[in-house]
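**Student:** Using the sequences provided together with the hints, build the complete structure.
Residue numbers (the working numbering): 668 to 959.
Careful: at least some of the hints might be erroneous.
As the list claims (entries may be wrong) - No farther apart than 20 Å at their CA atoms in a straight line, the calculated lysine to aspartate or glutamate pairs in the EDC-like style are these:
(1) K729 x E767
(2) K729 x D780
(3) K729 x D745
(4) K890 x D815
(5) K729 x D747
(6) K729 x E694
(7) K729 x E782
(8) K890 x D734
(9) K729 x D781
If you are wondering where the hints come from, they were derived from the structure by calculation, not from laboratory data. Owing to the predicted nature of the structure, the values given are computational and were not obtained by experimental measurement.
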Amino acid sequence: MPSLSSRMGRQVPELPEVESSRRYLEEPLVGRSVTGVAVGRARMIRHQAIPVDFTSRLLGRKLMAVDRKGKYLLLRFDADMTLVMHLGMSGRLQLALPGEECAPHSNVVIGFDDEIELRLVDPRTFGFAVAVTPEELAVHSVARLGPDALNALPRTSAFRTALRERTAPIKSLLLDQRIIAGLGNIYADEVLFRARVHGSRPGGSLNGEEVRRVRAAIGPVLKAGLRAGGTSLDDLAYLLPDGRAGEYLQRLRVYGRSGLPCRSCGTPIERMVLGQRSHFFCRTCQPPFRPR
DNA sequence: CCTCCATCCTGTGGGC
DNA sequence: TGCCCACAGGATGGAG
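**Tutor:** Right, dumping it as structure tokens:
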């Protein structure tokens with residue numbers, strides 16, 4: 668079992684990290700125009716139907732707004748051009764001066780006004796960037812996202828409808844971005860712990876009260892993560908790898924804590940695999956079977 | 001449509 | 001000390 672510190676050595680970007688990135692980019696970049704584009708690894712724009720379009724579509728475009736939906740960033744440019752970015756497993760965004768040395772794996776670099784650069788750093792290249800027209804955006808996976816977990820959380824009744832009849836584990840359904848957009852493996856486990864629901868429970872087996880608890884846990888868990896990101900956002904150290912690991916370590920209740928005592932009841936946290944992903948839980952606080 | 005599973009990729013650390 | 005290998009995970013796409 669890898670140690671907690673190794674597991675958390677590089678934070679996987681989830682909704683709070685993406686929202687922090689959105690805020691980080693907004694003020695310095697909105698109103699500026701693209702003066703240069705460099706793609707260091709073609710794989711990063713693999714979703715671009717015509718690769719050469721990535722550069723030509725962005726050059727000269729003025730940034731109007733920086734939006735987010737789920738874990739996707741949407742940079743809205745004039746002429747109806749949208750730059751869709753996803754940080755994948757290991758991506759992060761940096762702002763830098765043009766002369767500054769690039770961090771390793773700075774795979775996509777976009778220059779604004781010849782004064783500031785947006786760099787997408789992503790060693791594992793699970794992330795991507797793509798420049799799309801409104802027509803292309805409408806059929807992009809971002810268009811199939813469910814409501815945003817932070818800004819548009821569905822009511823309990825709608826959430827319960829979405830889970831009705833579903834036999835897949837609730838943990839897997841929380842990770843399904845078409846139902847709710849923004850939860851990843853870490854926060855899904857934290858949400859389930861807070862809701863006192865075991866991740867292996869079939870989605871349709873949750874009663875109304877349990878669905879209500881799961882829904883109610885999403886906001887506080889994400890906002891706690893956002894506060895952690897927001898706090899250290901002031902510190903440029905945030906931009907370096909591992910800069911925030913410590914902050915998260917203290918916050919997590921179950922993720923990565925197998926063998927350690929539950930912060931609520933002391934029972935050792937356990938790990939199992941659900942949908943090919945780790946699920947961490949407390950079997951006392953989150954009974955695997957619904958109590959009668 | 002739903003569920004399950006393989007695939008992409010590379011830094012990291014555990015084991016030998 | 002150094003090498004090897006398993007592991008981590010978000011999204012996608014195919015099979016059943």
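**Student:** Does each hint fit the structure? Answer for all of them.
**Tutor:** Evaluated hints:
1. Under the criterion of a C-alpha separation no larger than 20 Å, the hint pairing K729 with E767 is inconsistent with the structure, at around 23 Å.
2. Distance check on the hinted pair: K729 and D780 sit about 10 Å apart at the alpha-carbon level, within 20 Å; holds.
3. A C-alpha spacing of about 5 Å is found between K729 and D745, which places the hinted pair at or below 20 Å, so the restraint holds.
4. As the CA atoms of K890 and D815 are separated by approximately 13 Å, the hinted pair is consistent with the 20 Å bound.
5. As the CA atoms of K729 and D747 are separated by approximately 10 Å, the hinted pair is consistent with the 20 Å bound.
6. Proposed proximity of K729 and E694 is supported: the alpha carbons are some 14 Å apart, at most 20 Å.
7. In summary, the hint linking K729 to E782 is supported, as the alpha carbons are separated by about 14 Å, within the 20 Å threshold.
8. Restraint check for K890 and D734: the C-alpha separation of about 18 Å stays at or below 20 Å, so the hint holds.
9. Taken as a hint, the K729 and D781 pair is honoured in the structure, with Cα atoms around 13 Å apart against an allowance of 20 Å.
The structure is inconsistent with hint 1 alone, although it conforms to all the rest.
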